[in-house]
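Chemist: Protein chains in written order, with my numbering: chain A, 513 to 1108; chain B, -9 to 240.
No lab work stands behind these hints, which were simulated from the structure alone. Be careful, since some hints might not be right.
As the list claims (entries may be wrong) - Computed footprint of chain A on chain B, listed as stretches where at least three residues anywhere in the stretch have a Cβ under 8 angstroms from a Cβ of chain A:
hint, stretch
1, -7 to 1
2, 19 to 30
3, 53 to 59
4, 64 to 74
5, 162 to 169
6, 187 to 199
Unchecked claim - Just the calculated beta-carbon pair ranges, DEER-fashion:
hint, chain 1, residue 1, chain 2, residue 2, range
7, B, 156, A, 580, 55 to 61 angstroms
8, A, 1108, B, 27, 25 to 31 angstroms
9, B, 199, A, 783, 43 to 49 angstroms
10, A, 1032, B, 194, 45 to 51 angstroms
11, B, 109, A, 1083, 50 to 56 angstroms
12, A, 1041, B, 186, 26 to 32 angstroms
13, B, 33, A, 786, 35 to 41 angstroms
14, B, 97, A, 1084, 50 to 56 angstroms
15, B, 113, A, 973, 54 to 60 angstroms
16, A, 565, B, 186, 51 to 57 angstroms
17, B, 16, A, 918, 38 to 44 angstroms
18, B, 109, A, 1024, 43 to 49 angstroms
19, A, 1031, B, 39, 41 to 47 angstroms
Unchecked claim - Sample of chain A residues with no beta-carbon within 10 angstroms of chain B, all distances over it, derived:
hint, residue
20, 644
21, 1002
22, 1048
All residues carry an ideal CB built from backbone N, CA and C; glycine is no exception.
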Amino acid sequence: MLPVFPVVLPLFAAALLAALTKLVSQRLSQGIAIAATLATLGIESYLLHASAEQPIVYWFGNWLPRHGIALGISFTVDPIGAGLGTFASVLTLAALVFSSKYFDAAGNHFHALLLAFLAAMCGFCLSGDMFNMFVFFELMSAAAFALCGYKTEDPGSLQGSLNFAVTNTIGAYFVLSGIGLLYARTGALNMAQMGRALGAGPLDSLVLIGFVFIVCGYLIKAAVVPFHFWLADAHAVAPTPICILFSGVMVEMGLFALARIYWDVFNHALHPHLAGLRTLFVTIGVVTAFIGAFMCYLQRNVKRLLAFSTISHIGLMTIGVGLFTPEGLAGAAVYTLGHGAVKAGLFLVAGILLHRFESVDEFDLYAKGRRQRWTAAVFFAGGIALCGLPFSGLAAGDDLVHAAAAATGFNWVRLISLFAGAVTSAAVLRAGGRIFFGWGPAGDQSSAPKHEEKPETERGHDHTPATMFVPAAALVAAGLLVGLTPNLKPAASTAAMQFENTNAYATRVLDAQPAPAPLPPRPAPTEIFSGLLTVLGAITIAAVHLFSDRARDISAAIAKPLQLLHQIHSGHVGDYVAFLTFGMACFGLLCAYCFR
Amino acid sequence: MTRRVRKIFFLLSAAALVWVFFLAYSPLAPFGYVQSKYGDMVNAITVPERHITDAVTAVNFDVRGFDTLGEEFILFTSVMGVLLLMRRQKDEPAGDHEDKAADRMIPPASDAVRVTSLLLIAPTVLFGLYIVTHGQVTPGGGFQGGVILSTAPLLLYLCADYRPFRRAVPQRLIEASEAFGAAAYILIGGACVALGGLFLQNSLPLGQSGSLTSGGMVPFINLGVGLEVSGGLSLALLVYLEELLEEKEQ
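Throw the hints in and build the complete structure from the sequences for me.
Modeler: Have a look at this one:
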C-alpha cells in the first residue's frame, strides 16, 4: 500500500484545495499543502530505507503477471528512485515555505499545482511501467508549464513558458512514438518484460530508433545540448520557488529516465555496443558542460546565470549516467543531491534579492547588497560549494564519477569537471562580489543584454522574512553537509548496483523471486586536491575578472566570438525546434548506422 | 537565425528525421500480424473475471486503471493551469482592453439557433449520462460522456445571452464537483484498500455481465471521471468566455 501514497496523497490534497478554493484562506491552503508534502516526504524516506535490500514491487489492482506477461501496472521501488522522490519532496517543501510571500489573486491553484507537480515527480521515479512513466511525465509537464507562466503580468513570462511547453511537448511526442515502436515489437509496456523480449529478439533499426526516440524525448527534459534552449528561458521567467524545482530535480528526472530505460529495457539488447554508447553520452555531456559554462559566465541576470550553470552541471551528470557503470550512476545520484540543494539555495537567494531590490540584474544590484551579510554568506557558500568543495555533496558525486571514468578509460573527465566547476562557480562569485561588496566596475562590455524582471512580492521590501532566508540557508548547508554523511558513497554504489542488475530486476518483477544481495561496492577515494584546485580556479577567475582591467579587456576579446553562441540562444521557439530536429536526426542516424 | 536560414536548417534536419522514421518503421511486422498475447489474455479475462463486456473499458479502468487516474489528473491539472494563467490581475481593471477593431461584432444569435440549442440541451445531457454510465457495457465511459455533458453549458450560452448564461451557471458548484470527481478516483482506489485489497483492486460485487451495475468499481469510477471531465471542460469554457466577452460588453 505504501508505494501508492507519494502519488495519491498529494493529488488528493490538490483536489481538496481545488474544491475548497474560495472557502479556505491562503494561509490554510499553504498549511494543507505543507502537511501533504511532509507526509509524502516521510513515506518516500521510508520507501528509500525499506527498498535498500530488495526492490519493492506493487501491482495495482492485484493484477499479477501471468506466465511472465504483465497484465497491469507495477511500481518498482528502488533506492535510487525513492531517493529522487524524497529529494523532490524536500525541494517542494522549501518552495512552499519560501512562497509564503507570493500570495495574490492566484487563489489556491498555485498550491494545488505544486502538489500535482510533486505527485507526478514521485510517480515518475517509482513506476516500473513504460507508459505509466509517460503519464506522469505528462502530468509533470502540465503542472510545470502553468507554474512557469505564473507571472502573467509579464509578457516575457508567457514566451518563456511557451518555449518550454512547445519543446517539451515535442519531446513527449517522441517518447510516445518510441513506446509505440517498442510495443509493436515486444507487446509489452512493463519495463522488465520489455527488457526480456528485446534481449531475446534481433537488434534492428526499429529497436535502435525506439531507444533514440524515448531517450531523446527525455533528454529534452534533461536539457542536454542541443535540447537545452528552453531551460534558461523557463528559469528566467518562472517564479523563484518554481525555479528550485526545475533546476534541482525536474531536469534531473530526464537523466533518471535515461538510466531507468537503459538498464531495465535496453541493457541486454544494446550491451554489445556499450563502448560506443559510452563515447556518445560522454561526448554529449562534455559539450553540454562546456556550452553551459560559457553561457553561464556571460550572463548578468542572476537567474539566467544560475540556469546556464544548471545546464553545465547537467552535462557532468550526463557523463556519470552515460558511463553506464554502478559508480557512474551512483555519482550522478549523489551529485544530484549536492547540486540540487546548493543550486536551490542560490536560486532562493536570487529570490530574496528580487524581493528586496526588485531586480536580479548583476549591474542594477551593484553594491546594493552591502548590508545583507547573512544573505551574502549563503550566496558565497553556495558559490564555493558549486565547484565541488572537498567533502561537500557535489564533491562526493564527483569522486564517484571520476572513479567510474577512470575505470572505463575516460580519465580526462576530471579535467572537464574542473573546468566547468571553476567557470560556473566563478560566475556566481563574480556576481556575488559585485552585488554584495561592490567590487569591480559597475558595468561590463562582455556580458549579455539586460532582461527586465518583475518583482514577485508585494509588501515588506525593507526586510528579509525568515520564511525566505531559512530555506535558502538550510538548502546550502544541506548541500555542503550531505557529503559528510559517512555511508553516502557506499550506499549509493550499492543502490546503483541493484539498479543496474537487469536480470535480478526482471525476475523480481515478473517472477516474484528475491534479488541476490549486491556485492560490496568498491570504495571511491576522496579527491581533495582536484576539489581545492577547482575552488582556487573559481576564485582566481572571479578575482581577476573583478579587479584587473586588462583581464577584463581580454575576457571581452574572448567573449566576442562567443557572441555567436549568444545569438544561437535567441529566445525564438522556431530556432529551438530547428535545433531539436537537428539533434534528433543526428542522434537517430548515428545510432541506426553505428550500432547495427 | 534569420527566417530563411532557420527554414533551410529545419527542412534539412526534418528530411533527415523523415529518413530516421523510415528506418524505424520499415522492420515493423506486416499488417494484421499479431505479435502480442496481451489482447487475447485481456479478452479472455474481462468477462469471466470482471463481468465487463467492453474490453477497452476493462483495460482503462481496471487492469491499467492507475494510468487512467494519472490521465484524469492531467486534465484536472491542465484546467487548474488555465484558471491560474487566466486569472484577473489585481491591478488589471475590468474592461481595460478595448477591442480596437470597431467593426468586429458578435453577431446576435438567430432565433433558429436559440430554439435548436434549447431543444438540444435535454437530449445532450441524457445522451452524455447514457455514455458515462454504459462504459462497462459498450464503448464509452466517463471521458467521452463527460465531453458530451460539457457541451450543455455551451448550448445554454447559445440559446441565451452571456449575462443570463453566467447567472444560470453555478461556477462554484462546478469547481467543487470537478475537484470531487477527480478525488473520487482516489477515494475509490482507497476504498478497495479498506476492503482488504490493493489500491484499485476491484472488490465490489461484479453484477450481471452486460447490465448497468456490472463491473464492480468501474461504473463508479466512470461517474467520477464524468463529473471531472464535464466540470473541467465547462470551467475552461467559462474562463475563456469571460476573458472574451466581459471585455466586449464593457
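Chemist: Work down the list of hints and note, for each, if the structure agrees.
Modeler: Checked hints:
1. -7 to 1: As far as the stretch -7 to 1 of chain B goes, the hint holds, because 3 residues have Cβ atoms under 8 angstroms from chain A.
2. 19 to 30: It holds: at least three residues are needed, and the stretch 19 to 30 of chain B offers 5 whose Cβ sits within less than 8 angstroms of chain A.
3. 53 to 59: Held - the stretch 53 to 59 of chain B has 6 residues with a Cβ nearer than 8 angstroms to chain A, which meets the minimum of three.
4. 64 to 74: holds (count 9)
5. 162 to 169: Per the Cβ count (5), the hint holds.
6. 187 to 199: Coverage by chain A holds here, the residue count being 6 at a Cβ distance below 8 angstroms.
7. 156(B) with 580(A): 55 to 61 angstroms: holds, 58 angstroms
8. 1108(A) with 27(B): 25 to 31 angstroms: holds, 29 angstroms
9. 199(B) with 783(A): 43 to 49 angstroms: Since the Cβ atoms of residue 199(B) and residue 783(A) sit about 47 angstroms apart, the hinted range of 43 to 49 angstroms holds.
10. 1032(A) with 194(B): 45 to 51 angstroms: holds, 49 angstroms
11. 109(B) with 1083(A): 50 to 56 angstroms: Given about 51 angstroms between the Cβ atoms, the range holds.
12. 1041(A) with 186(B): 26 to 32 angstroms: violated, 60 angstroms
13. 33(B) with 786(A): 35 to 41 angstroms: This hint holds: roughly 40 angstroms between Cβ atoms.
14. 97(B) with 1084(A): 50 to 56 angstroms: violated, 37 angstroms
15. 113(B) with 973(A): 54 to 60 angstroms: Since the Cβ atoms of residue 113(B) and residue 973(A) sit about 58 angstroms apart, the hinted range of 54 to 60 angstroms holds.
16. 565(A) with 186(B): 51 to 57 angstroms: violated, 27 angstroms
17. 16(B) with 918(A): 38 to 44 angstroms: holds, 41 angstroms
18. 109(B) with 1024(A): 43 to 49 angstroms: With a Cβ separation near 59 angstroms, residue 109(B) and residue 1024(A) fall outside 43 to 49 angstroms, so the hint is violated.
19. 1031(A) with 39(B): 41 to 47 angstroms: Because 42 angstroms falls inside the window, the suggested range holds.
20. 644: At roughly 6 angstroms from the nearest Cβ of chain B, residue 644(A) sits no farther out than 10 angstroms, so the non-interface label is violated.
21. 1002: Per Cβ check, residue 1002(A) is outside 10 angstroms of chain B; nearest 34 angstroms; holds.
22. 1048: Given that every Cβ of chain B is farther than 10 angstroms from that of residue 1048(A), nearest at about 39 angstroms, it holds.
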